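Single-letter residue listing:
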Amino acid sequence: MNEPPSSAVTQDFGDNGSLGQSNVLSKRLNKILETRLDTDKETLEALKELSNFFPENSIQSRRNLRSKIEKRSLAINEEFLSAFGKVKDALDSVYNDVVSIDSEVRAMSSHLQATRAQTHQLIDHTTQLQAQSKKLTMEQEVANAFLERYQLSPAELAVLQGTSRDSPITPAFFTALQRAQSIHSDCRVLMQSGFQTVALDVMEQMSLYQEAALERLYRWTQSHCRSMESSETAALLTEAMACLQDRPVLFKYVLDEYGSCRRANLVGLFIDALTKGGPGGALKPIEMHANDPKRYVGDMLAWLHQTIPSERESLIALLRECSKTDVTEHIHQILANITEGVCHPLKVRIERILSTDASTTILYSVASLLGYYHQIFSQVVPESIFSNTIAEVRTLAQNRFLSALQNRVKQHLVDRLDAPPPDLSPSTSVSALMSLLKEVLSVAGVADGRPEDIAKMVGVVLDPLLQAVNLSAARLPTTDMAVYLLNCLYQMQATLSLYGFMDDRLERLQAQSDAQLDTLTSEQASSLVANLNLGPIYTILQETSRGPLSNVPGMDAASLKHFLVKLDAFLGLPDMLLLPQISLLLSTVHRNNVKHRAFEVICTIFKQLYVAVHDPVNGYQNPNGLIPRTPEQIQELLLGDRQ
Amino acid sequence: MSVGPYNYSYIFKYIIIGDMGVGKSCLLHQFTEKKFMSDCPHTIGVEFGTRIIEVSGQKIKLQIWDTAGQERFRAVTRSYYRGAAGALMVYDITRRSTYNHLSSWLTDTRNLTNPSTVIFLIGNKCDLNAARDVTYEEAKQFADENGLMFVEASAKSGENVEEAFLETAKKIYQSIQDGRLDLNAAESGVQHKPSQPGGRNTLVNDQTASKDSCSC
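Residue numbers (the UniProt record's numbering), protein chains in the order written: chain V, 1 to 643; chain E, 1 to 216.
These are calculated hints, taken from the structure and not from any lab test. A couple of the hints might just be wrong.
Unchecked claim - Below, a sample of chain E positions facing chain V; criterion: calculated Cβ distance under 8 Å:
1) Y8
2) I11
3) Q58
4) Q63
5) R78
Said to hold, decoys possible - Only pairs whose alpha carbons sit at most 20 Å apart, straight line, appear in this in silico SDA-like list of lysine to any residue:
6) E:K59 with V:M502
7) V:K561 with V:N592
8) V:K284 with E:K59
9) V:K284 with E:L106
10) E:K61 with V:E543
11) V:K284 with E:D108
12) V:K284 with E:T107
13) E:K140 with E:Q177
14) V:K284 with E:K61
Claimed, not checked - Covered by chain V, per the in silico footprint, the following chain E stretches (three or more residues, Cβ under 8 Å):
15) 43–53
16) 80–92
Every value quoted in this text rests on a predicted model; they were computed, and no experiment measured them. All C-beta atoms in this analysis are idealised placements derived from N, C-alpha and C, irrespective of residue type, glycine included.
Please put together the full structure from these sequences, using the hints given.
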């Protein structure tokens with residue numbers, strides 16, 4: 001390889017300027033000379049390669065070398081070319097692939113682009129919808145909450161309205177009703193917050209529900225109020241009444257219904273007690289004792305008395321939740337209503353008893369029993385038909401009693417009022433009537449009889465009796481009359497003083513006695529004066545104009561002596577000169593009273609005489625000898641130790 | 001029970017009897033008011049008191065009829081024995097006469113009440129032991145012979161008063177449990193209030209009676 005370039009250089013040398021050429025040449029030569037072939041790898045390599053196809057260094061070969069190398073170079077280039085042709089083909093296919101990929105990707109990308117554009121719209125739409133949905137949900141919640149708060153649930157409504165006309169009331173009913181009420185009142189808040197229309201609508205709706213519900217409740221209550229004894233209904237009824245108290249008319253209707261059904265029940269029970277009696281015959285029916293009016297009437301009234309507390313009790317139980325109205329008035333009215341039913345059976349029975357010929361005392365005790373129960377019932381059920389009925393039969397009994405008493409009195413007086421007996425004791429009719437009165441008054445008992453009733457009763461007996469006694473006494477001489485009347489009056493007083501409320505009567509009797517005592521006293525005194533010959537002495541002593549008494553006839557010492565002898569005899573045995581009738585006086589008080597007062601008269605006259613005799617004007621000699629006794633002594637002897 | 005209109009299950013009717021002045025009204029007052037009434041007036045006819053007690057977990061309302069001891073009210077008070085579930089017969093331990101009359105009271109009670117009526121004898125005024133006129137043993141024997149329950153009590157101190165009323169109620173309740181007392185019978189002196197609808201035949205009577213009356 002070194003040869004060609006040197007030849008080329010030589011050629012160049014020959015073509016160009018000789019100096020410059022020789023210089024360049026030298027430089028080149030130097031350079032070639034300086035070239036260290038053993039270190040030039042490239043050259044070594046080329047030489048090595050050359051050695052492969054240039055095995056023999058011959059002229060021929062040297063001549064061919066060039067073409068050989070050129071051929072070889074050509075072959076290599078051709079080889080190279082074909083190899084590159086393959087590479088190019090491969091690259092071309094790669095290129096094609098890439099191009100197709102690119103186009104596909106491009107298509108995809110554009111597709112994506114389109115899709116994205118499309119999706120964007122969708123998303124927008126979705127978001128919009130979502131927002132809308134959220135809003136709607138919210139609205140729904142609000143609406144639900146509103147409904148929950150301001151409307152009844154279907155279940156509640158169903159309970160409230162009932163599935164059928166006769167569907168029962170349950171505790172849930174009251175809860176629902178309560179809810180309707182609270183919704184109604186909640187509407188105020190709604191109204192204040194500015195939702196007038198809605199609020200008013202809801203209020204109206206609730207009012208309608210309430211109205212309908214109460215109407216239903218009313219019908220139910222009315223038909224069930226008779227079963228207060230079953231616990232569930234009872235509890236519901238109590239609640240129902242509390243609800244209904246807002247509707248006074250319905251409330252009243254229910255109570256009326258309750259009253260009338262309890263009334264019927266009470267009548268039934270009463271008749272059972274009267275006719276069937278207690279369990280297994282252990283308690284005889286009340287009517288078994290119809291022959292004993294006192295017991296019969298008493299049993300009936302006691303039974304009623306004992307039943308009323310239970311009625312009151314269940315009534316209070318029924319109304320105990322009713323706090324808004326004053327139930328006491330209602331309770332009064334309904335109790336009056338309930339007890340009204342028994343009035344008739346009771347009245348009929350009592351009237352029957354009273355129309356029989358019961359004895360006066362029995363009539364009296366029945367009347368008194370009725371009086372007692374009238375007091376009781378006018379407290380328990382005041383101003384009711386029942387207590388009026390009792391009052392009525394009581395008056396009836398009272399009148400029946402009084403007329404029976406009147407009849408008895410009349411009978412006694414007509415039949416047996418005979419002339420006073422010789423011993424001037426009260427006639428038998430007085431004793432009989434007094435014992436009748438006593439009998440009746442001792443019965444008195446139960447009801448503390450009213451004073452006016454007792455006075456009336458006593459009057460019925462006493463007035464005709466006094467009349468009769470006075471009539472028969474009028475036929476007697478004065479003394480006998482006085483004694484007889486005093487004896488009669490005495491017996492009456494003795495009877496009456498045992499009882500209360502008799503003061504008035506006793507006072508009148510006492511006044512009558514006093515009059516008779518006065519009469520009797522004056523009779524007795526006159527008789528004493530006559531018997532002691534005091535008459536003329538007393539007359540003379542009373543005269544005012546006179547001379548010395550010793551000179552007056554009848555007042556001379558002899559006459560006085562005669563009197564004093566009689567007086568001595570009298571003083572020895574004072575009772576000897578008493579009127580015989582005085583001893584017939586039944587009352588020792590009367591007897592002593594008359595005696596005492598008559599003796600007082602004698603004492604007084606004696607005292608006058610004594611003073612007169614000791615008066616020197618009257619000219620008695622030895623007055624002490626004439627009248628040995630002093631007035632004091634006389635008084636002591638006659639009137640006892642009293643001064 | 002508290003849901004019903006009645007806060008008790010039964011009503012027991014009691015009657016208190018005995019001579020005048022033995023302290024019947026004071027016993028009742030002590031039982032219902034837990035107080036001693038020092039100047040108690042004589043009872044006129046009958047008085048009425050109530051209290052709710054509890055026996056075996058059952059609330060029972062006692063309806064107590066206190067009678068006058070005075071003889072003149074006998075006609076009235078006799079009518080109240082009818083249908084009493086319990087009779088409290090009271091005498092005064094310081095007055096023998098009130099004890100001596102017990103047999104007549106007992107006769108009345110037996111004649112006028114159910115065989116199932118529980119009779120409880122109470123010797124009242126046991127606070128006045130110094131003035132005692134009737135021994136405990138004697139009265140106890142009387143009670144045993146006649147099958148009565150017996151206790152000495154004092155309306156003044158309140159001793160045994162509660163017990164007497166409660167024991168009587170327990171005995172009555174026992175009779176109901178044993179089926180000796182027929183609740184369905186009218187005038188048994190016991191009324192069954194709620195819990196047993198129709199527990200009393202009056203309920204049935206109710207309806208029939210009201211129907212009768214409605215139709216007329």
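Hints the structure fails to honour: 1, 3, 6, 7, 8, 10, 13, 14
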